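Q: Sequence:
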Amino acid sequence: MRAVVDTHRRFMDLSVVYTNDSVWVEHSIHIMEVLLAEEMYKVGVFDLEYTRACAGSRPKVAAAQMCVRHHVLVYHYCLATRPCEHFARFVNNPHYMFATVDITNDVKALENSGIACQNLVDIQGQYKIWGSKEHEKDSLVHLVEAIIDPYYRDMKDSCNKDKCAWHSAWMEKLDKAHVVYATKEAYMSYDMYRQIVDMRKCLLPQNGQGSRWKQSKGKRRRNNK
1 MRAVVDTHRR FMDLSVVYTN DSVWVEHSIH IMEVLLAEEM YKVGVFDLEY
51 TRACAGSRPK VAAAQMCVRH HVLVYHYCLA TRPCEHFARF VNNPHYMFAT
101 VDITNDVKAL ENSGIACQNL VDIQGQYKIW GSKEHEKDSL VHLVEAIIDP
151 YYRDMKDSCN KDKCAWHSAW MEKLDKAHVV YATKEAYMSY DMYRQIVDMR
201 KCLLPQNGQG SRWKQSKGKR RRNNK
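Read in order, the letters of the sequence shown are residues 1 to 225 in UniProt numbering.
Certain hints may be false.
[As the list claims (entries may be wrong)] Derived DSSO-like pairs: lysine-lysine, alpha-carbon spacing no greater than 30 Å straight-line:
no., residue 1, residue 2
1, Lys133, Lys201
2, Lys42, Lys128
3, Lys176, Lys108
4, Lys128, Lys201
5, Lys42, Lys201
6, Lys108, Lys137
7, Lys42, Lys108
8, Lys108, Lys133
9, Lys176, Lys133
10, Lys42, Lys137
11, Lys108, Lys128
12, Lys201, Lys137
[What the hints assert, rightly or not] Label-pair distances were calculated between CB atoms; the ranges are:
no., residue 1, residue 2, range
13, Ala80, Asn105, 19 to 25 Å
14, Leu79, Cys164, 17 to 23 Å
15, Ile31, Asp149, 23 to 29 Å
16, Ala169, Arg82, 22 to 28 Å
17, Glu26, Tyr151, 18 to 24 Å
18, Lys42, Ala177, 28 to 34 Å
19, Pro150, Asp13, 16 to 22 Å
Don't read these hints as lab results, they were simulated from the structure.
Everything numeric in this text was worked out from a predicted model, so none of it was measured.
C-beta: ideal position from N, C-alpha, C; glycine also.
When you get a sec, could you build the whole thing from the sequences and use the hints?
A: Quick look at the structure:
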């Protein structure tokens, strides 16, 4: 399935591929690799949905959402027609950084599924909302509202009215609502982390250079008198 999803941003629709076919997965990843080759920071998003834990089994990866720029892949991993080695190599590439929000359960699901990701970055550890409680982690919704746009505030609640049914659906062929949600969630994490990286690269070093410059400037003025 291919689709275009609105991001609430002018001239910024997303190109989305939802598939369980390794051929389409490889095609989408190739596009992302081409895009990343042009990027300075080599940043993408690797977000997960999980299978439900049952007696005697542990949660594994149900679906993987990946995003680079405007391109999104929703890979229905648990329904895959056959393993995709290109996917496994891509997410474990040491030259790429993959961001998401709250990696605690992601790490467990990846381990249970035999998937490695060397550079998985938790946005919760990169940005703290001003005024939020220090010992509590900021949720995806709160981070998106603070960094990107309050428009996304109600996105999660509107989708999770029946939480049990909503989460169970990730193990079956996804309907349009789930694909759109997965797409927006991946893009939001991508947009947030890109903004965080951009802001950090623009920050001046906090080493007192400004005060030393003022002092030296003052000394020069006194010496010129």
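Q: Of all the hints given earlier, name the ones this structure violates by number, lowest first.
A: 9 and 17
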